[in-house]
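**Student:** Sequence:
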Amino acid sequence: MDARINHQIRAKELRVIGSQGENLGVLSFSEAMDKAHEASLDLIEISPNAVPPIAKISDYGKFLYEANKKLKVQKSKSHTVEVKNLQVKIGTGDHDLALKAKKASEWLAEGNKIRIDLFLTGRSKYLEVNFLKERLDRILRLISVSFKITEEAKKSPKGLSIVIEKDK
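The sequence shown maps to residues 8 to 175 in this note's numbering.
Treat the hints with care, as some may be off.
[To be verified] In silico BS3-like pairs for lysine-lysine, Cα to Cα no more than 25 Å straight-line:
1. Lys110 / Lys173
2. Lys173 / Lys140
3. Lys155 / Lys120
4. Lys120 / Lys162
5. Lys162 / Lys91
6. Lys82 / Lys69
7. Lys91 / Lys42
8. Lys82 / Lys109
9. Lys110 / Lys77
Think of the hints as simulated: they come from the structure by calculation, not from any bench.
Can you make the complete structure from the sequences, with help from the hints?
**Tutor:** Structure representation (structure tokens):
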């Protein structure tokens, strides 16, 4: 049983929590181990940096099971937001734009952000900015999910970029 507790705390006093969650007070290490032996349970160091360190009398397997269970619940509640990239060109056809807008709608429904790049090549880099923004608006009109623009259209190394996310 004592193999499961940090060997550095043997000489110190511990704040001990009982198996039912009751506070047993500040006890020496040997007293805490005796209480754990009486209950046929383990002495587990919960908070080593506290003054005095906190230990709990509990079943070590059950303690690990509950800790893993809490971790799984935290992971399931967290959702990472990805930034998905969508690339269109000035001459992209209406059908292709509709397919890309459908995919963008799916990504927005999942809660992801989308960066739409209007890819410019050659002389198209020097076209009027209003014309280029109108080309970006073509695909934005086709997206079926309501969205908001988080980053306005701006020049990027590839051409013109805009970032959108689902409207809450």
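**Student:** State for each hint whether it applies.
**Tutor:** Verification of the supplied hints:
1. For the proposed pair lysine 110 and lysine 173, the alpha carbon gap of about 14 Å is at most 25 Å, so the pair holds.
2. A threshold of 25 Å between alpha carbons decides the hint, and for lysine 173 with lysine 140 the separation of about 20 Å falls inside it, so the pair holds.
3. Our distance criterion of 25 Å between C-alpha atoms is met by lysine 155 and lysine 120, whose separation comes to about 10 Å.
4. The straight-line distance between the Cα atoms of lysine 120 and lysine 162 is roughly 19 Å, inside the 25 Å bound, and the hint therefore holds.
5. For the suggested pair lysine 162 and lysine 91, the alpha carbons sit about 18 Å apart, so the restraint of at most 25 Å is met.
6. A hinted pair counts as satisfied when its Cα atoms are at most 25 Å apart, and lysine 82 with lysine 69 qualifies at roughly 20 Å.
7. This hinted pair does not check out: lysine 91 and lysine 42 have alpha carbons roughly 57 Å apart, beyond 25 Å.
8. Proposed proximity of lysine 82 and lysine 109 is contradicted: the alpha carbons are some 29 Å apart, above 25 Å.
9. At most 25 Å may separate the alpha-carbon atoms for a hinted pair to count; lysine 110 and lysine 77 exceed this at roughly 35 Å.
Hints 7, 8 and 9 from the list above are not met by this structure, while the remaining hints are.
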